[in-house]
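Got chain R sorted already, so can you dock chain Z onto it with the hints?
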Amino acid sequence: MLTSLTVHALRQQLRAGDITPRDAVLAVAEAARTRDRTLGGYLPLTDSQIEEALRLADQADVSRPLGGVPIAIKDAIAVAGDRCTCASRILEGYVSPYDATAIARLRAAGAIPLGRTNMDEFAMGSSNENSAFFPARNPHDPDRTPGGSSGGSATVVAAHSAFAALGSDTGGSIRQPASFTGIVGLKPSYGRISRHGLVAFASSLEGIGPMTKSVADAALLLQAMAGHDPLDSTSLNAPVPDYLAGLEDGVRGLKIGLPREYFIDGIDPGVRAAIDTAVTRLADAGAEIVDISLPHTEFAVAVYYIVATAEASSNLARFDGIRYGHRAERPSDLNDLYSRSRAEGFGAEVKRRIILGTYVLSSGYYDAYYVKAQKVRTLIRRDFTNAFASVDLIASPVTPTTAWKLGSFSDNPLQTYLADIFTIAANLAGICGISIPCGQSNGLPVGLQLMAPPLAEPTLLRAARAAEIACP
Amino acid sequence: MASELNVRYVARLARLDLTETEADRFQSQLTSVLGYIATLDRLDVAGLEPTVHAEETPTLCRPDQPGSSFSADQALANAPASANHLFLTPRVVE
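Those sequence lines, one after another, are chains R and Z.
Using this note's numbering, read the first sequence as starting at -18 and increasing by one per residue.
Using this note's numbering, read the second sequence as starting at 1488 and increasing by one per residue.
Hint data in this document are derived by calculation from the structure and do not stem from the laboratory.
Ideal Cβ positions, reconstructed from N, Cα and C, are used throughout, including at glycine.
Errors might be hidden in some of the hints.
Stated by the list, open to error - Now the stretches of chain Z that chain R is said to cover, found in silico as 3 or more residues with beta-carbon under 8 Å:
id	region
1	1497 to 1505
2	1558 to 1570
Stated by the list, open to error - Not close to chain Z: a few residues of chain R, all C-beta gaps over 10 Å, as computed:
id	residue
3	G227
4	P312
5	S320
6	A410
7	C452
Stated by the list, open to error - Stretches of chain R that chain Z covers, calculated by requiring three or more beta carbons in the stretch to come under 8 Å of a beta carbon on chain Z:
id	region
8	199 to 213
9	295 to 309
10	339 to 346
11	349 to 358
The shape of chain R in the complex, shown without the other chains (with noise of 0.2 Å):
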């Protein structure tokens, strides 16, 4: 099945000229409308989008870094042309002016976006289940979620539906889904790849990254994204490494931290042996473990579920009927306007998420809430500060548990917010993480987190590498 290959082997046989871009074209629509059929983790792809992605294809260069690369591109990431809902009513039917700058770069680099990828509305999820569609499910086991919010976009790569696809990450967006169905997921630095184009749910906390089967395609994807864009002022203005460069480097030398903080009762015992068994295998390649403390670790969902949905109350405001998406009919003013059209258009975990944003900053609790929030911000990232003045990693599970069935937790979003506690730190810190299948805890995959600096996206990859090679 070619829709099987990784990147880079897809590359070298499209380079030996053995396949065509369009026969990678047509293999992902075929997959997406067969297999991805039970899955869900496509939106329904259209003839018109195969017809663009084969007049692409027809023009791929295919000796560019990603020449003749189909990739699929969560719903959240604007594509010129194409629809871009968010898996939200209120933007059905809504087409992008713009490609994202991460698209545009992507194909600058030869890439063919491909299908949209299902996922929790606004990314507001962990579980796929708020796509206001239908949820994707776990190509391990179809009663059970793939993890979100980009839950579509992990479903299909770890079905071998696409070859790779782009996730978003505002909590642990790529790397929980990563995690729940054995890929590979980056979430880059804060900054690292521009914003531009990707809906704003929580601006401060979220970035674009790949979702792949191997750490080298992750590490080529970022290349072909990373840099400074003047549309994205809080893009980081940093000369972009070769990532592919060190990658075989191994992690001798590399002093990796365990956080006691991440390693506690309650972690689903098969999990917690598949890490311990990672780490080990890291320790006998040359890695020195060593015990750390992130103090603060205990604090980081509630901080999370302020400052999140603050920024997002704020930026879907813009959705309000006017300029584009679902708008009510026959209102009687433009209050009833705005707020028909929004009732109609969001999800119940939306409404949740703008009501708690809204409360935290309205007048008189704007400081118990929200600056409070952004003050336990500072003593978090101050953990990680603390932590990376004596090790080069951080390494942890990145859920407590394996992927849940679906409608585990329908009427209670208070236990899957609680579900994001090893994740939600490395977005509050801005600093680079990874997820690495690391082998299975009750025929479901177990994710490996990986965790640097800001910008240390190089040593990152390399011991994601290694642990790559470790647990086979």
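Using the frame of chain R, we list chain Z on its own:
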């Protein structure tokens, strides 16, 4: 603090109509979320600077030069209601 949340009032601030069922359900769900958030009260944050962003970079300014932008047709392409190169809204001035 949690008990002070009035979901119906805040939803009006957010320009979001809620059904009675939604309002009751969100009231109870968000009250429990705020109860959890109250764990932050255990921390003394006096003297700490708030972190407003993941990176500590100064606000950047670009040169004040006109560049290319959308045409009116492009900007209006996704509008639910438009006419004469304008977005249409309900009447706001009597």
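Status of the hints after comparison with the structure:
Counting residues of the region 1497 to 1505 of chain Z whose beta-carbon sits less than 8 Å from any beta-carbon of chain R gives 9, enough to reach three: the coverage restraint holds. With 7 residues having a beta carbon nearer than 8 Å to a beta carbon of chain R, the region 1558 to 1570 of chain Z meets the requirement of three or more and the stated coverage holds. The beta carbon of R:G227 sits about 24 Å from the closest Cβ of chain Z, which is more than 10 Å, so the claim that it is off the interface holds. Not every beta carbon of chain Z lies more than 10 Å from that of R:P312, the smallest distance being close to 5 Å; the non-interface claim is violated.
Not every Cβ of chain Z is farther than 10 Å from the Cβ of R:S320; the closest lies at roughly 4 Å, contradicting the non-interface assignment. Once the 10 Å rule is applied to beta carbons, R:A410 is inconsistent with being away from chain Z; the minimum gap is 7 Å. For R:C452, the non-interface assignment is confirmed: its Cβ lies about 30 Å from the closest Cβ of chain Z, beyond the 10 Å cut-off. Figure legend: the region 199 to 213 of chain R, annotated as covered by chain Z; annotation inconsistent (1 residues with Cβ-Cβ distances under 8 Å, at least 3 required).
Requiring three or more residues with a Cβ within less than 8 Å of a Cβ of chain Z, the coverage given for the region 295 to 309 of chain R holds, as 9 such residues are present. For the region 339 to 346 of chain R, the stated coverage by chain Z holds: 4 residues have a C-beta nearer than 8 Å to a C-beta of that chain, and at least 3 were required. Counting residues of the region 349 to 358 of chain R whose CB lies closer than 8 Å to any CB of chain Z gives 9, which reaches the minimum of 3, so the coverage claim holds.
Violated hints, in rising order: 4, 5, 6 and 8; the structure is consistent with all others.
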